[in-house]
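Undergrad: Sequence:
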Amino acid sequence: MTHEEFITAGAQADVLRILRICMDWSIRDAAATLGISASYISEVENGRKHPSGKILNTYSRHLGLPKGFIETWIAIQQKHGYTHQKLLLEVLSSLRKLQ
13 MTHEEFITAG
23 AQADVLRILR
33 ICMDWSIRDA
43 AATLGISASY
53 ISEVENGRKH
63 PSGKILNTYS
73 RHLGLPKGFI
83 ETWIAIQQKH
93 GYTHQKLLLE
103 VLSSLRKLQ
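Heads up: the sequence shown is residues 13 to 111, going by the working numbering.
Worth flagging that the hints you see were computed from the coordinates, not collected in a lab.
Incorrect hints may appear among the rest.
[Stated by the list, open to error] Listed below are the simulated EDC-like cross-link pairs for lysine to aspartate or glutamate, each with C-alpha atoms no more than 16 Å apart in a straight line:
no., residue 1, residue 2
1, K98, E55
2, K91, E16
3, K66, E83
4, K91, E102
5, K91, E17
6, K61, E102
[Said to hold, decoys possible] Across the chosen pairs, the derived CB separations fall in these ranges:
no., residue 1, residue 2, range
7, E16, T84, 23 to 33 Å
8, M13, K109, 31 to 41 Å
9, S38, L104, 16 to 26 Å
10, K79, Y52, 20 to 30 Å
11, R108, T14, 13 to 23 Å
Note that CB positions come from ideal geometry on N, CA and C, so glycine has one too.
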């Protein structure tokens with residue numbers, strides 16, 4: 013894995029984990045809702061797998077997020093490398109603005 017892939021995987025993992033936590037879903041809850049295996053979600057959240065665009069769209073659809081929301085936050089996380097706490101606060105603030 014290149015350095016860039018490592019950074020991308022970490023940003024994806026952080027954002028998807030934060031969104032799952034915001035929904036108060038366990039990994040099993042997310043798997044059942046999204047139609048994705050719990051082991052796959054775990055691998056993504058641990059940075060070992062890269063979710064496809066289709067998977068990101070599945071997350072967005074089931075979370076009721078606009079197209080591109082997750083990708084935008086992945087890019088923000090790649091750029092800033094927020095702590096989990098800061099990322100959570102920023103994502104929650106962004107979600108509130110959508111309501």
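Undergrad: Which of the numbered hints are not met once you compare them with the structure shown?
TA: 1, 6, 7, 11
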